[in-house]
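*Asks:* Note that the protein sequences, when read in sequence, are chains A and B.
Counting from 1, one number per residue, gives the positions in the first sequence under the UniProt record's numbering.
Counting from 1, one number per residue, gives the positions in the second sequence under the UniProt record's numbering.
Don't take every hint at face value.
[Stated by the list, open to error] Calculated pairs, DSBU-like style, for lysine-lysine (alpha carbon to alpha carbon, straight line, at most 30 Å):
1) B:K228 / A:K228
2) A:K372 / A:K319
3) B:K255 / B:K332
4) A:K150 / A:K319
5) B:K253 / A:K129
6) A:K129 / B:K255
7) A:K319 / A:K75
8) B:K129 / A:K255
9) A:K335 / A:K310
10) B:K129 / A:K310
11) A:K129 / B:K310
12) A:K310 / A:K150
13) A:K129 / B:K332
14) B:K279 / B:K253
15) A:K319 / A:K332
16) A:K26 / A:K71
17) B:K310 / B:K368
18) B:K129 / A:K253
19) B:K332 / B:K310
20) B:K129 / B:K228
21) B:K332 / B:K368
22) B:K255 / B:K279
23) A:K310 / A:K372
24) B:K129 / A:K228
25) B:K71 / B:K368
26) A:K335 / A:K372
27) A:K319 / A:K368
28) A:K332 / B:K129
29) B:K310 / B:K228
30) B:K253 / A:K143
31) A:K129 / B:K368
32) A:K253 / B:K143
33) A:K129 / A:K228
34) A:K368 / A:K310
35) A:K71 / A:K129
Calculated directly from the structure, the hints in this document are not laboratory data.
As a plain string of letters, each chain reads:
Number of protein chains: 2
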Amino acid sequence: MKPIYNLLTLFIVYTSCAQQTESEIKAESPVNIEYTTELVVPDLNIAWGMAFLPDESILVTEKSGELIHFKDGTKTTISGLPEIYVRGQGGFMDIKLHPDYENNGWIYFSYASPEGEGEGGNTAIMRAKLNGSSLSNQEQLYKAVPNTTKGQHFGSRIEFDNEGYLFFSIGERGQRDINPQDINRDGGKIYRLHADGTVPTDNPFVNNSGAKTAIYSYGHRNPQGMTKHPETGAIWTHEHGPQGGDEINIIQKSKNYGWPVISYGINYSGTTFTDITQKEGMEQPLFYWIPSIAPSGMAFVNSDNYPNWKGNLLVGSLKFQYLERLILENNKVVKREKLFESIGRVRDVRQAPDGYIYLSVEGKGIYKIVPKN
Amino acid sequence: MKPIYNLLTLFIVYTSCAQQTESEIKAESPVNIEYTTELVVPDLNIAWGMAFLPDESILVTEKSGELIHFKDGTKTTISGLPEIYVRGQGGFMDIKLHPDYENNGWIYFSYASPEGEGEGGNTAIMRAKLNGSSLSNQEQLYKAVPNTTKGQHFGSRIEFDNEGYLFFSIGERGQRDINPQDINRDGGKIYRLHADGTVPTDNPFVNNSGAKTAIYSYGHRNPQGMTKHPETGAIWTHEHGPQGGDEINIIQKSKNYGWPVISYGINYSGTTFTDITQKEGMEQPLFYWIPSIAPSGMAFVNSDNYPNWKGNLLVGSLKFQYLERLILENNKVVKREKLFESIGRVRDVRQAPDGYIYLSVEGKGIYKIVPKN
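Between the sequences and the hints, there should be enough to build the whole structure, so can you do that?
*Replies:* Right, dumping it as structure tokens:
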């Protein structure tokens with residue numbers, strides 16, 4: 001298929017639905033912003049996730065399989081990690097504290113695990129406690145199957161909602177045509193568990209024979225962003241599309257988000273794999289990016305430290321190496337801005353309990369966003 | 001049986017085990033205490049439970065079946081309560097906020113419910129949200145069966161542990177010989193559920209055919225005190241014994257607390273119903289009261305407002321109409337004090353988020369414990 005068809009596809013997209021596209025809302029480069037970045041944890045490689053402890057120290061996951069505790073200017077490598085399958089996009093990934101961490105000490109993390117039958121690995125979720133410089137009380141809460149040596153799409157962001165449910169994403173592991181639409185298979189799903197790893201009895205597919213009962217929604221490609229909306233408590237995600245078609249979604253129980261049946265993206269080769277962008281019974285994204293920005297990490301700003309950004313959504317761009325600020329009105333993106341252009345591949349973004357926003361940038365480290373003085 | 005036998009029983013108790021008894025540790029009347037009480041919510045009848053909202057207002061349950069919201073000096077009666085079976089010791093009882101109430105708005109309460117088959121009622125647990133002056137989103141999470149017209153032993157204190165599990169007590173409903181030792185029957189139990197009412201899959205009796213799977217421990221009589229230890233996170237309870245033998249217990253999964261097979265109490269008639277106070281496979285209380293104080297409500301002090309009381313356990317005495325302060329060392333009671341003697345029947349005691357301790361006293365209202373100036 002020639003490039004002209006791709007343009008035609010985009011044309012149909014633009015005219016056939018009310019969704020915003022790159023052509024409607026371009027990411028602007030602000031002339032001047034009031035904030036700058038300050039490197040607070042230097043010399044990290046791919047710091048996939050960050051968690052901010054009550055003592056103001058930081059736990060950082062290195063994709064290569066290291067958990068680093070950064071405290072009072074010093075890095076300590078934490079022992080007691082499970083075996084990690086490091087390959088392609090997989091390794092040691094996200095990290096998140098339990099909402100009542102101060103009382104129970106539970107730390108949740110995601111990783112590619114080689115456990116179980118078959119060569120390769122698949123995404124797993126574990127919780128453990130930090131005792132000095134090692135983990136204890138390790139409990140594996142989920143392990144996707146089957147293992148595969150494919151290096152794609154582990155997903156694996158972790159979030160808690162206001163009810164204390166644990167949500168996490170697992171990408172479709174490079175098996176576009178068999179995983180995301182099949183609730184009997186792992187991959188291409190958002191999962192919901194109780195904080196102790198048990199399956200809530202009102203999960204949508206608990207009564208479907210053969211289904212993976214931890215599944216909460218399906219038809220996803222590779223969600224590497226997940227955050228709780230600070231006002232509504234809803235779980236928001238974003239996911240990588242193929243070429244074009246990265247999406248933002250609000251996760252609803254039992255819903256099908258359409259991958260790969262519907263998509264605003266095209267194959268990397270430039271060919272299309274689906275002619276349709278909408279279908280009954282499948283959810284439309286809240287927003288999609290064309291071209292893809294390769295999003296990773298996601299945070300709402302609700303801190304008083306950034307009055308002009310309050311209510312905005314921040315998303316890291318791996319591909320274009322900036323932090324995207326999305327301004328929303330009634331759950332629609334009305335403006336986009338490129339912050340800190342050329343900072344590097346932004347892997348994660350979080351608002352910490354101190355009210356500051358932190359960015360993890362590949363090959364550099366963790367930056368804090370501070371006012372220019 | 002004559003009184004001499006009772007004395008003999010007590011003598012055996014005193015000599016045959018290392019537990020503390022009234023004879024060893026008498027409740028002292030302190031000469032002088034640094035605190036006094038201030039009536040903050042007047043004109044209540046039997047205010048069974050209290051919950052302190054983030055806006056510093058108070059929700060109060062009246063046993064007669066009313067939920068009162070006390071805010072800025074004004075009482076509002078909240079509508080939207082379930083049908084309540086008011087009889088004997090039963091009615092509208094405890095109330096507790098979800099640990100993440102600020103985000104999810106869930107309020108939990110216990111009540112005697114007439115729902116289901118049979119005359120009478122039994123203890124139920126509901127959660128709901130407060131919208132203005134009415135409840136919404138009502139979800140009944142548990143209802144004990146069978147209904148009975150007996151007026152005794154509804155139990156029904158509610159507490160959350162640090163893991164977010166919901167614990168509650170149901171007394172043996174005046175059926176001493178059939179309920180507490182039978183895990184297939186409700187009553188005389190401590191229960192554990194997820195916050196959404198589902199049964200954790202690692203509850204101790206989930207694989208026992210016929211068992212009430214919400215049960216966490218059994219062999220209880222009528223627990224009307226339950227609180228989380230601020231340091232260890234363990235669930236502590238107390239329960240009414242018959243005549244003598246009120247107990248304090250730390251709740252452990254699957255354990256049998258012995259009622260009515262073992263007890264330090266005797267029948268109200270003065271006769272004994274069991275000769276033994278200890279048995280293998282049954283837990284010894286951490287402490288027991290002889291004579292009974294008729295305990296209700298329970299709170300640990302960990303606020304800086306009461307430096308001399310820090311780490312102490314407070315328990316209301318219905319019978320002797322004071323607040324008991326228990327000083328503990330290594331989980332042993334080493335000293336007891338009677339505070340605010342003759343204040344009235346102390347139904348509930350809680351440390352509020354403002355760091356002050358509040359008492360609910362029958363026929364009076366809610367008192368705040370404040371420093372004498």
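*Asks:* Work down the list of hints and note, for each, if the structure agrees.
*Replies:* Hint check results:
Annotation: proposed proximity of B:K228 to A:K228 holds, straight-line Cα distance about 28 Å (limit 30 Å). A distance of roughly 26 Å separates the Cα atoms of A:K372 and A:K319; the hinted pair therefore holds under the 30 Å criterion. Pair hint B:K255 plus B:K332 holds up; C-alpha atoms about 20 Å apart against a cutoff of 30 Å. A C-alpha spacing of about 21 Å is found between A:K150 and A:K319, which places the hinted pair at or below 30 Å, so the restraint holds.
Simply put, B:K253 and A:K129 have alpha-carbon atoms about 21 Å apart, close enough for the 30 Å limit, and the pair holds. Restraint check for A:K129 and B:K255: satisfied, since their Cα atoms lie roughly 26 Å apart, inside the 30 Å limit. A distance of roughly 28 Å separates the Cα atoms of A:K319 and A:K75; the hinted pair therefore holds under the 30 Å criterion. As the CA atoms of B:K129 and A:K255 are separated by approximately 26 Å, the hinted pair is consistent with the 30 Å bound.
Distance check on the hinted pair: A:K335 and A:K310 sit about 14 Å apart at the alpha-carbon level, within 30 Å; holds. Our distance criterion of 30 Å between C-alpha atoms is met by B:K129 and A:K310, whose separation comes to about 27 Å. Restraint check: the Cα-Cα separation between A:K129 and B:K310 comes to about 27 Å, which is no more than 30 Å; the hinted pair holds. The suggested pairing of A:K310 with A:K150 is violated, with an alpha-carbon distance near 40 Å, which exceeds 30 Å.
Only pairs whose Cα atoms come within 30 Å are accepted, and A:K129 paired with B:K332 is accepted, the gap being roughly 29 Å. Between the alpha carbons of B:K279 and B:K253 the distance comes to roughly 18 Å, so the proposed pair stays at or under 30 Å and holds. Using a Cα cut-off of 30 Å, the hinted pair A:K319 and A:K332 holds, with the two alpha carbons roughly 23 Å apart. With a C-alpha separation of about 40 Å, the suggested pairing of A:K26 with A:K71 is violated against the 30 Å cut-off.
With a C-alpha separation of about 17 Å, the suggested pairing of B:K310 with B:K368 holds against the 30 Å cut-off. With a C-alpha separation of about 21 Å, the suggested pair B:K129 and A:K253 falls inside the 30 Å cut-off, and the hint holds. For the hint linking B:K332 to B:K310, the alpha-carbon distance of about 15 Å falls within 30 Å, and the restraint holds. Restraint check: the Cα-Cα separation between B:K129 and B:K228 comes to about 23 Å, which is no more than 30 Å; the hinted pair holds.
This hinted pair checks out: B:K332 and B:K368 have alpha carbons roughly 28 Å apart, not beyond 30 Å. Restraint check for B:K255 and B:K279: the C-alpha separation of about 13 Å stays at or below 30 Å, so the hint holds. Straight-line distance between C-alpha atoms of A:K310 and A:K372 comes to about 18 Å, which keeps the hinted pair within the 30 Å bound. A threshold of 30 Å between alpha carbons decides the hint, and for B:K129 with A:K228 the separation of about 20 Å falls inside it, so the pair holds.
For a cut-off of 30 Å, the pair hint linking B:K71 to B:K368 stands: about 15 Å separates their Cα positions. Restraint check for A:K335 and A:K372: satisfied, since their Cα atoms lie roughly 23 Å apart, inside the 30 Å limit. Simply put, A:K319 and A:K368 have alpha-carbon atoms about 21 Å apart, close enough for the 30 Å limit, and the pair holds. Under the criterion of a C-alpha separation no larger than 30 Å, the hint pairing A:K332 with B:K129 is consistent with the structure, at around 29 Å.
Proximity of B:K310 to B:K228 is assessed by CA-CA distance (about 15 Å); at most 30 Å being required, the pair is judged to hold. About 27 Å separates the Cα atoms of B:K253 and A:K143, which keeps this hinted pair within 30 Å; it holds. A distance of roughly 38 Å separates the Cα atoms of A:K129 and B:K368; the hinted pair therefore is violated under the 30 Å criterion. With a CA separation close to 27 Å, the supplied pair A:K253 and B:K143 stays within the 30 Å bound.
At roughly 23 Å between alpha-carbon atoms, A:K129 and A:K228 fall within 30 Å of each other, so this suggested pair holds. Distance hint between A:K368 and A:K310 is fulfilled; the C-alpha atoms sit about 17 Å from each other, no more than 30 Å. Taken as a hint, the A:K71 and A:K129 pair is honoured in the structure, with Cα atoms around 17 Å apart against an allowance of 30 Å.
Checked against the numbered hints given earlier, this structure breaks hints 12, 16, 31; the rest are met.
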